Structure formats: structure tokens, C-alpha cells
Amino acid sequence: MSTVQRGRSLSQAGNVVVLITFVALSALMTFPLVQGLGTHILGAPAPGDNFEYLYKVYWFKQALFDLQVSPFFNASTFYPSGYNVTLSETTLSNTIPALPLTLLWGEVVAYNVAMWVTFVLSGFGMYLLIVHLTRNQLAGVFSGIAFALCPYRMAHLGAGHLPLMGTQWLPLLILYLDRMVTRGQKRDAVMAALFYSLGALSAWYYAYMFALAGLLYVLIRARPWGQYLWQPHFAKSALTFAVVCLLVLGPFALPMTQVWNEGERPQSLRYVDHFSASVLDLFYPNVMHPLWGVWLAERYSQNINENMLFVGFVPLALAVVAWIRRQDRTSTAFGGLSFVFAVLALGTTLHWAGSPVYVPVPPSVERVFTAAMSVLSTRLALYPISSYSLRVAGMMYLPLPTLFLYLFLPFFSAMRVWGRFGLVTLFGIAVLGGYGLQALQESLPRLQRSAPIGRRATLLALALCGLVILEFAAVPYALGACRVEPRLVDEWLARQPDDFAILELPLSKALNGRTLYAMRTHNKKIVSGYGTFFPRTFIDNRPVLEAFPNAASLALLRDWDVRYVLLGATSYGEQWPQLQDTLSTSPDLRHVRTFDDQPIYEGDRLLRLLPGTEQAFVVDRIYVYEVL
292 MSTVQRGRSL
302 SQAGNVVVLI
312 TFVALSALMT
322 FPLVQGLGTH
332 ILGAPAPGDN
342 FEYLYKVYWF
352 KQALFDLQVS
362 PFFNASTFYP
372 SGYNVTLSET
382 TLSNTIPALP
392 LTLLWGEVVA
402 YNVAMWVTFV
412 LSGFGMYLLI
422 VHLTRNQLAG
432 VFSGIAFALC
442 PYRMAHLGAG
452 HLPLMGTQWL
462 PLLILYLDRM
472 VTRGQKRDAV
482 MAALFYSLGA
492 LSAWYYAYMF
502 ALAGLLYVLI
512 RARPWGQYLW
522 QPHFAKSALT
532 FAVVCLLVLG
542 PFALPMTQVW
552 NEGERPQSLR
562 YVDHFSASVL
572 DLFYPNVMHP
582 LWGVWLAERY
592 SQNINENMLF
602 VGFVPLALAV
612 VAWIRRQDRT
622 STAFGGLSFV
632 FAVLALGTTL
642 HWAGSPVYVP
652 VPPSVERVFT
662 AAMSVLSTRL
672 ALYPISSYSL
682 RVAGMMYLPL
692 PTLFLYLFLP
702 FFSAMRVWGR
712 FGLVTLFGIA
722 VLGGYGLQAL
732 QESLPRLQRS
742 APIGRRATLL
752 ALALCGLVIL
762 EFAAVPYALG
772 ACRVEPRLVD
782 EWLARQPDDF
792 AILELPLSKA
802 LNGRTLYAMR
812 THNKKIVSGY
822 GTFFPRTFID
832 NRPVLEAFPN
842 AASLALLRDW
852 DVRYVLLGAT
862 SYGEQWPQLQ
872 DTLSTSPDLR
882 HVRTFDDQPI
892 YEGDRLLRLL
902 PGTEQAFVVD
912 RIYVYEVL
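Each residue of the sequence shown is one higher than the one before, counting from 292 in my numbering.
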């Protein structure tokens, strides 16, 4: 065996060891995910989307193999109009690969494995990128850990955001974009396009984010442009990239853009601005930590489902080392990515500690500013929205670049949670952290000459990896887990003959993933559903449904073939006694059964501390009324 072949064999063996390490580390850091692989899913039943995507994993199997219909339209949800599933994320690069597991072991195993695999591949993908950039495997392991286990990913794990877990495609996209710039081979362009498409098919947020990140990286990395971008081989590679993306994404992107127009759009800038991240979110330590997380959560009410953007003090310190020690195009590109996407994550206006920042100004200045923002956001904007909702007399808020992208960039208004752009910042910091570790390792001979450089470098890397694991730890999982089991009322509904629809109230409870997943048991049509956008028919009739049990709502329910209305007494709270009196005197309704929910949520140590999450802990008493 030649020296080259021996070196390649050792490198491949090292890659296998690293991959196994990420498999084991992912199982440990997401515990008890593996323990409850077929019985539990992580996170609370509400708020969050875990049951929504658990149902979608099941729905794709049911539609394709049992019903043999298109999985992109579900006629049984939001009945009678049905639901264009593309009004929400279809996350095809997760649901389609999960099909074999769903067929063999069911949707719970398939969903959990899909979640687990994203940790393994996010870490390993980052490792491959860093090894490509630095030829340093230990630096690759460090960056892989810093990226795969970052609080952003751990938080979205419990929120059930399966689409947003597809972060593994970002480092692989940048890896092949870098090769495309430096080598200009069509094969690299094909691979870059493939990984971009997989990211876009995981989450349409990532279609925008990865495109912006890839474009920015290429523009910075390829300086001077005359040496790279203006060369014929790069033009051919860029064309190849575009063609492959069009072929892979075109069949899915075009229908999605058409049905998005059916969805409800926010009318208030205050609503859009609500989803902006705070500057503090980037630096506030990990509130999911088993030792100090509760103490931190009690002192800062952070949106843990969306704005867990902590970059980590260890990766950040190493990124600073890299920035000081390296001034090449590559590190500059990752530094630029980190900064630009941090700004985008801050949303439409500047926030601090979760609230918009207002600056006192003279009344005349405030009036001019308000008028200018009104003209900009209504008359000039591609996607008009009212800015008056943010107005405070004598004060001025601070618009950020995201606001202008929202108003003028096509389809950008379909997004709403700006903190998600922080993923690219976390990615850039993790890459620079790997560079920083390499810089420290290279400085070791000048610090101490008494031991071999390899041993000291390994110990340093292992120590820093350990510190990152300690910093990002959330085990046992801070947001608990849910047992996946049917409600008693759903089992009863499954035994009722004939084909009919049901309505669950209040709608604040019904519009969530668990109500959607209940269809797995009762196999009846439901008037409600769940998704990013709701269909127009439901939006127009929602006020009528919420007026139940008046005459107009009962007439609508009869027209829609609704036989049973499920009323959550606990969810209605103080309104329930009065509503129950009205129901008891109605000649159009008959009380059929009452069911007590069984508790399914366990192991939480964090979500219970935060406001607005009470619904997650409601074990309801459900009254079933028949529409006569």
C-alpha cells in the first residue's frame, strides 16, 4: 500500500470514528429521545408543533400507501374546504426519507429517528467542512459539536419544529460552494445544488436563508472576483447549480407560491415585529441547562421556542482568536455571515430584553418619522402593512434591515420569525471557533516544548469540546416529553358509525397539532386543523364558529355535516359555567358523553416557568354534544 493510500485509509477510518462519536453524543445529549423512541416525543403538547409533524410523518404514509392520493391536499382537515398542505411546511427532505421507518415501525419511531439524525448529520457535516478548510480533524469535531448541539437546535427539538432541524445541509452547501469557487468543477456545483435543495425542502425559511448565506459567502470568498467569478469555468458551474436547483425545487416551489396567496397575511407591523429577536438573546446563557437553566429562566422571559440564539462563550472566544490570528478571505467570509445574519435575526426593529427600543424625540420629529414610515410601508411597499401599530407619541422606534426586506423582497413576507436567521450566525461562529482552536494548537510549541505537539493539541481540543458540551447541555431534556397515546374521546369517536365531521372548541385549543394527530385515531373529518396559514374558508367563518352555540353557528355546523362538538371545559376557564347553562337549554344540542383527559406530559423543568404556556399543562374535561 502506498503512502497516499495509507493516509487516505487512515483518514476514512478517522471519519468513521467521528461519525460514531456524533451518533453516541447525539443520543446522550437528547436523552430521553432514544429511550422513548417508539412511545414518546420530546416537548410539550402545546405550544409547539411536535404533534403536527408527527401527524405529517403519518399522513405522507397514509396518503401515498393507504389512500393512494396526493399528500399535498388533505380533504379531512379544515372541512369542508380541505387543506392545501403546502400552506404549511411539508418538509419533504424529512417526511419522504422517513417513509420506510413509518411503514416498518410507525410514525413515532420515524419522527424521533428523523430528529436524531439531524444532530448526527449536522455535526458530521460541519466536521467535513472544517476538515476541508483546515485539514484539522480535531477542529472539525469541535465545530461539529458547537453547531449540532447549539441551543437553537435544542430548543427547536422540543418545539417540534422538524423542518428547522434540517440544519445539516448548510455546512455541506458551503463546503461544495467553496469547492465550486476554488475548483470550478460541475460535480461540485451539482452537489452544492443538491444540498441547497435539501435544505429548502426541509424548510422554506432555509430556502431564503441558505440562498442569502451562500451568495454572501461566494461574494466574499471569491475576491478578487476577476480571479474566480469572471472565469468561464465558474460561469458553467453557476449555471449548473441553477439548473439543478430548478429541476429539483421547481415542481414544489411553483405550487407553493400559488397557494401561499390563499393564506392570511398580518395587517399589523406590531404583529410582525413581535417575532424579532433581542440583542440579549445572542449572549444570554443556555436556559435549558440542568444546573443553572431554571435560575436564568426566572430572570429573563425568553421565547425559548424561537429566540434561543446563544452563540456560546467558548465558541465565541475561539472565534475572536480566529479573527485576530487570521485575516484571509475564508475567515472574513464567515465573520461577514455571522454579522449580517445576526442583524437579520434582530428583526424589523431593534429590541432589548424582548421589547422594542424607543428613543425620545421632539413631537415634530416623531410626526415626520411616522408619516415617512406610513408612506414607505403602505404606498411604496411591495407587501403593504400598517406601521401605525408601533407608533408611540413622542417616541421613535429603530427600523432594521429586515423591515425593508419584508416590505420589498419577493416572498420574504411569508416568513415571520426573524430569530431563525440567527442559525447562520451560530454556524459562522462555530466555523470560526474551529479556526480558533487550530490557531491555539499551532501556538502550543511556543508555549511549552516538554511534550509532543500531537498529545497537547489533542488534550486541548478535548478540553474545549468538553466545555462546549457543558455549556450547551440540556439533558435530561429540559422541555420534557409526551407519551403518544390516543385520548379516550378519540377512541370513542372511532367507534361511532358513519362518516361525519367534528368540531373542537374553543378554537384556541383546537388549532394545534394534537387535535390534528387525533385524526390518526378517530379517522373523522375535522372543521379545524393546524398549519402556518389557514385556508380562506375557515378564516371567513371563524367568527361564526367562535359564536357557538348561537343559531348562525348551529346552521353552519349542520351545513358542514358536523355531528359532534367537543368542548374543553377547563380550556374555557371561567366562561364554562355560563356556556354550560346555555348548552343545557338549547333544543338543538344533546349532551352525549363526558371524558377526562389523561396526562401525557412529563419531565418538564423549564416551560412551566414561562408565561403563555398554561395550555401545555391543561388536562381537560371534554363534553361531547351532538348537533340535532
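Because the hints were derived from the structure by calculation, they are not lab data.
Hints are not guaranteed to be accurate.
To be verified - Okay, the calculated beta carbon distance ranges per label pair:
#1 E893 <-> D831: 34 to 44 Å
#2 F702 <-> V666: 20 to 30 Å
#3 L545 <-> T873: 22 to 32 Å
#4 P788 <-> L355: 26 to 36 Å
#5 R478 <-> P788: 55 to 65 Å
#6 Y562 <-> T885: 36 to 46 Å
#7 Y562 <-> T873: 26 to 36 Å
#8 L545 <-> P371: 52 to 62 Å
#9 R670 <-> A838: 31 to 41 Å
#10 S559 <-> R426: 44 to 54 Å
#11 E865 <-> V650: 36 to 46 Å
#12 A662 <-> Y562: 35 to 45 Å
Just so it is clear, the structure is predicted and the values come from calculations on it, not from any experiment.
Glycine is no exception: its CB is placed at the ideal position from the N, C-alpha and C atoms.
Structure-based check of each hint:
Checked against the given bound of 34 to 44 Å, the beta carbons of E893 and D831, roughly 40 Å apart, stay inside it. About 23 Å separates the C-beta atoms of F702 and V666, a value consistent with the hinted range of 20 to 30 Å. At roughly 48 Å, the beta carbons of L545 and T873 sit outside the given window of 22 to 32 Å. A hinted range of 26 to 36 Å holds for the C-beta pair P788 and L355, which are about 28 Å apart.
With their beta carbons about 59 Å apart, R478 and P788 fall inside the hinted range of 55 to 65 Å. Separation of Y562 from T885 is about 37 Å and conforms to the stated range, judged on CB atoms against 36 to 46 Å. Separation of Y562 from T873 is about 32 Å and conforms to the stated range, judged on CB atoms against 26 to 36 Å. Between L545 and P371 the Cβ separation comes to about 27 Å, which falls outside the hinted range of 52 to 62 Å.
Against the hinted window of 31 to 41 Å, the Cβ-Cβ separation of R670 and A838 comes to about 36 Å, which satisfies the hint. Here the CB-CB span from S559 to R426 is close to 52 Å, well matched to the stated 44 to 54 Å. Separated by about 41 Å at the C-beta atoms, E865 and V650 satisfy the suggested range of 36 to 46 Å. In this structure the hint that A662 and Y562 lie 35 to 45 Å apart at CB is violated, the actual value being about 21 Å.
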